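J.: Here's the letter readout for the chains.
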Amino acid sequence: MSMAAEQRDVRDDALHGLQLAARLESIWRTPPGLTGALMSVDHKVIGRRYIVTAFTFLVLGGLLAILMRIQLSGAENRLLSPDLYNQVFTMHGSTMMFLFAVPVMEAFAVYLVPLMVGTRNIAFPRLNAFSYWMFLFGGCFLWISFLFNVGPDVGWFAYTPLSSLQFNPSKRADVWAQMITFTEVAALAVAVEIIVTVFKQRAPGMTLDRIPLFVWSMLVTAFLVMFAMPSIMVASTTLILDRLVSTRFYDPSSGGNVLLWQHLFWFFGHPEVYIIFIPATGMVSMILATFARRPVIGYPVIVLSLIATGFLSFGLWVHHMFVTGLPHLAAGLFTASSMLIAVPSGLQIFCWIATLWDGRPVYRTPLLFVLGFIVIFVIGGLSGVMVASVPIDTQVHDTYFVVAHFHYVLIGGAVFPLVGAVYYWFPKICGRMLSERLGRWNFWLAFFGFNIAFFPMHILGLMGMPRRVYTYTLEMGWERLNLLSSVGAVMFALSFAVLLANAIYSLRKGTPANDNPWDASTLEWATASPPPPQNFDRIPIVTHREPLWADGDTLPVVAGLSAERREVLLTSLAEAEPQIREASPEPSIWPLLTAIATTIFFIGSIFTPWAVLWGTPPMAITLIGWFWPTGSKEDEE
Amino acid sequence: MPAWVRSGLLLLVALPLVACTGSQSALDPQALQSEQIRHTFIIFLGVSGIVWSCVIVVLGVGLLRRTRIGQAPLELRLPFEARAGRVILGLGATTTLIVLVLSFVSYAGQRSLFAKDPDALTLKIIGHQWWWEVRYKADSPHNSFTTANEIRIPVGKPVKVELESADVIHSFWVPSLTGKMDLITGQTNEIQFTARNPGIYRGQCAEFCGLQHAHMAFAAIALRPDEFERWREHENQSAVNPTAPLAKQGEELFRGRGCALCHTIRGTLAGGQLGPDLTHIGSRTTIAAGTLPRTPAALGAWIADPQHIKPGNLMPRMPLQSGELIAIIQYLEQLK
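Those sequence lines, one after another, are chains A and B.
Position 507 (the first sequence) corresponds to 507 in the working numbering; numbering is contiguous.
For the working numbering, count along the second sequence from 1 and bump the result up by 637.
If you are wondering where the hints come from, they were derived from the structure by calculation, not from laboratory data.
Note that the structure is a prediction, hence the values are computed from the model and not measured.
Any given hint might turn out to be false.
Stated by the list, open to error - Only part of the chain A face toward chain B is listed, based on derived beta-carbon distances under 7 angstroms:
hint	residue
1	P252
2	R294
3	T324
4	H328
5	A354
6	S389
7	W549
Said to hold, decoys possible - Derived Cβ-Cβ restraints for the label pairs, each shown as a range:
hint	chain 1	residue 1	chain 2	residue 2	range
8	A	S170	B	G697	51 to 59 angstroms
9	A	E564	B	R702	49 to 57 angstroms
10	B	P862	A	L494	55 to 63 angstroms
11	A	I70	B	Q944	18 to 26 angstroms
12	A	I66	B	S959	56 to 64 angstroms
13	A	R29	B	L734	53 to 61 angstroms
14	A	A550	B	R720	43 to 51 angstroms
15	B	N878	A	I70	50 to 58 angstroms
16	B	R748	A	R437	56 to 64 angstroms
As the list claims (entries may be wrong) - Quick look at which bits of chain B chain A covers, simulated, 3 or more residues with Cβ under 8 angstroms:
hint	segment
17	663 to 674
18	679 to 685
19	694 to 701
20	717 to 731
21	740 to 747
22	810 to 823
23	960 to 969
We put the beta carbon where it would ideally sit given N, CA and C, even for glycine.
Just need the whole structure built from these sequences, with the hints factored in.
T.: Here it is, written out as structure tokens:
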């Protein structure tokens with residue numbers, strides 16, 4: 001390096017507080033204007049977009065749920081035609097799973113993980129931007145198709161041969177399968193970013209046993225995504241091939257096998273549940289420590305439970321197939337493995353209850369949602385033990401009992417912690433507190449609404465009501481409980497209206513939040529609310545698992561990072577010892593252009609195999625643009 | 638007691654009351670197998686209830702305790718931490734024990750549920766979008782016959798049902814008799830059950846199979862063995878020739894207006910294969926796969942506009958004058 005270059009390379013230790021902050025902000029900020037917004041690679045900007053988009057899909061999926069509940073509130077209701085009803089429940093499931101639950105957890109991770117580990121941006125920020133655009137385009141593709149009456153109508157699981165060309169000659173099943181491809185690409189991209197960020201960008205001193213539990217949970221989730229998603233990508237791709245170019249993967253008359261689809265789907269589908277649930281447990285651990293006013297008891301137990309859950313989740317997909325005529329011993333073994341996953345989940349719950357037992361609980365809205373989570377999720381977990389039993393499952397499989405079970409697990413286990421997380425991190429993200437009064441309304445409406453909506457479904461299932469029926473006759477005796485359930489569903493929907501109103505009101509009128517309004521212990525609370533583009537003016541050094549409780553205002557910091565260009569500090573995997581300074585990419589329009597090219601390719605390829613041919617060059621061009629050397633300092637050196 | 642606990646308990650108390658009235662209920666077992674499943678279910682329900690109550694009680698006590706007032710978050714009492722760790726691991730071990738015991742309970746239930754009797758009466762059911770083809774098998778072809786959307790079985794004798802599908806995946810489920818089993822394209826599944834009491838039990842397709850999944854039901858009628866044998870002998874015979882003039886006109890219309898292209902009536906020229914066999918439709922309890930009762934009025938409504946009652950099914954609307962419609966109803970009704 002020449003003398004002149006060295007002089008130009010101003011480091012952060014040469015500057016004073018405000019001077020440094022202003023300088024870093026000008027380096028790291030997203031360019032102004034619309035083009036700037038489209039070029040952004042700031043994980044906070046993208047995370048915020050991701051969160052808002054995912055919640056928009058939640059609202060859309062929720063409206064579909066209300067439509068179904070109105071349809072089922074009375075016997076032989078004719079509000080929805082069978083054709084529309086089948087589209088509506090397929091869209092509800094697909095939207096909630098692929099466009100809300102998985103993305104929203106990743107969205108929170110995209111926003112929070114870099115802050116929690118004390119770095120300036122996520123690893124591969126442009127990939128992050130690309131991921132968001134793919135998610136957005138995939139979601140819009142699905143919903144626009146639905147508005148044009150080409151919404152998928154084969155269930156969110158799209159079992160063959162119902163989804164084959166013979167029984168589904170329109171483009172509906174293709175829309176479903178290709179929406180999967182979009183969201184899987186997006187999810188895989190985020191998984192890679194999370195893993196690399198956690199492994200290589202942690203603040204110095206954040207050894208493995210000092211990683212915040214939400215970050216641990218997202219790390220495990222990212223690995224689940226990496227191993228589970230390829231299975232569904234194979235499934236959706238082979239389905240499209242069957243439909244587009246007449247391959248015969250799922251055609252028994254030509255040696256194909258329809259059960260192959262179920263194996264591939266559930267090998268993804270079961271870990272998928274944990275991809276949604278594990279991040280939520282991370283949120284619970286974070287909220288609990290703050291509001292119980294002490295560290296969570298059993299940190300190593302919780303980390304090992306997360307990892308064990310991750311491994312076990314790949315060994316129980318067959319419990320979705322107990323009535324397909326499997327050999328009995330095999331089915332029995334999958335019963336045991338399915339029940340065994342109750343052990344790590346149970347251990348986590350014991351740790352949380354012990355934390356509350358010894359803590360001094362502060363009953364703010366986030367904690368209320370965590371308590372609601374424990375009450376509801378334990379019911380869902382126990383009904384999960386029931387459906388893991390082969391004999392019981394032969395009765396309740398594909399009935400409303402299972403509908404009740406997985407809503408207890410997914411809403412109780414993931415959405416309640418998620419709403420708690422919204423209340424908890426809203427001040428960090430938006431700089432203002434959410435209203436506590438509305439928060440209480442929100443919680444109690446959600447808690448009663450949820451239980452009134454879903455508890456009766458257990459009974460309906462035992463009374464013989466199958467899933468996915470658009471109507472039933474009066475003689476079945478299902479009407480009263482269905483009506484009750486529908487009333488609960490409306491209450492539950494209202495709770496989200498309260499949340500939305502609270503967010504809109506508080507964004508403008510909420511009490512301004514300081515850096516650490518809850519007196520929490522993790523690094524995201526060590527910076528301003530909302531954080532500046534560079535996250536931290538100086539990268540903190542971590543000396544304790546609860547850094548802000550241990551060091552308070554005197555957090556030690558690293559010196560020597562560039563104050564001239566985007567730079568992050570890379571540290572070693574286990575001990576988080578500083579290794580090198582690494583350039584972090586500038587904003588770029590290319591991820592958006594690549595996403596557009598990929599979208600054209602994906603959508604084209606459900607209509608003609610030739611799209612694979614003429615769709616590739618634009619993608620290649622945009623990728624070349626993306627990776628074109630820009631002559632940055634690092635490249636010159 | 639908070640209101641939601643009370644409402645929850647109320648629902649639990651009401652559960653057996655509401656559930657036993659229907660003829661399609663897992664809580665109203667009428668066969669060895671469904672009784673066995675209910676037995677397993679009650680064990681699981683009891684254990685779950687105890688576990689949940691314990692969790693909630695401990696959580697409640699934990700929240701009501703007043704500790705750590707004025708303590709800083711990191712001022713931890715080490716003896717407590719160590720004891721908490723031991724208790725947590727102990728509870729983990731207890732959980733493991735409970736799930737292992739439940740696994741064995743489940744496996745025992747599974748073994749008796751799927752026990753096979755080689756002397757079982759065998760019938761084959763083929764799923765169609767959206768109705769059930771039923772074939773009674775016997776040693777000789779003379780004793781084999783086909784019917785639809787209704788099975789009759791003898792009480793006290795094991796029945797084996799072979800399950801296949803002509804199109805997409807369906808699932809055979811009569812909750813009062815036993816759990817469900819899928820009808821999968823390209824493979825044959827089996828299910829066995831032994832009815833305890835005579836009665837009519839409703840069954841319904843449980844695997845989403847397309848537009849009219851909701852209207853794919855059937856009746857399982859358990860008869861005393863002598864009644865069953867009589868029914869079987871009768872069912873094996875061809876259709877009776879109509880005698881009344883109106884019914885005769887109905888038979889001609891049935892042939893002339895295209896009905897016979899899709900439906901079989903044994904002993905007549907009607908030999909279509911696309912729709913249900915109607916040889917003894919007059920003695921069945923329901924029509925359109927359990928959608929409507931088999932009454933003259935319902936038959937009329939169905940034939941007049943099948944697409945209104947079950948949109949998307951294969952049966953087209955035939956232009957018929959009301960006199961012709963009555964003749965066809967008359968003809969079908971006398972196919973006892």
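J.: Taking the hints in turn, state whether each one holds.
T.: Tested hints:
1. P252: Nearest chain B Cβ about 3 angstroms off; hint holds.
2. R294: Result: holds, 5 angstroms to nearest chain B Cβ.
3. T324: 5 angstroms, holds
4. H328: 6 angstroms, holds
5. A354: 5 angstroms, holds
6. S389: At 4 angstroms from the nearest chain B Cβ, S389(A) passes the 7 angstroms test, so the hint holds.
7. W549: It holds, given that the least Cβ distance between W549(A) and chain B is near 5 angstroms, below 7 angstroms.
8. S170(A) x G697(B): 51 to 59 angstroms: 54 angstroms, holds
9. E564(A) x R702(B): 49 to 57 angstroms: 55 angstroms, holds
10. P862(B) x L494(A): 55 to 63 angstroms: 57 angstroms, holds
11. I70(A) x Q944(B): 18 to 26 angstroms: Because 24 angstroms falls inside the window, the suggested range holds.
12. I66(A) x S959(B): 56 to 64 angstroms: Because 42 angstroms falls outside the window, the suggested range is violated.
13. R29(A) x L734(B): 53 to 61 angstroms: Cβ of R29(A) to Cβ of L734(B): about 57 angstroms, so the range 53 to 61 angstroms holds.
14. A550(A) x R720(B): 43 to 51 angstroms: Once the Cβ atoms are compared, 24 angstroms apart, the range 43 to 51 angstroms for R720(B) and A550(A) is violated.
15. N878(B) x I70(A): 50 to 58 angstroms: 51 angstroms, holds
16. R748(B) x R437(A): 56 to 64 angstroms: Holds, since R748(B) and R437(A) (Cβ atoms, about 57 angstroms apart) stay within the stated range.
17. 663 to 674: Result for this restraint: holds, n = 5.
18. 679 to 685: holds (count 3)
19. 694 to 701: holds (count 5)
20. 717 to 731: holds (count 9)
21. 740 to 747: holds (count 6)
22. 810 to 823: n = 10 at 8 angstroms, threshold three: holds.
23. 960 to 969: Three-residue rule not met by the segment 960 to 969 of chain B, so violated; n is 0.
Of the numbered hints listed earlier, those contradicted by the structure are 12, 14, 23.
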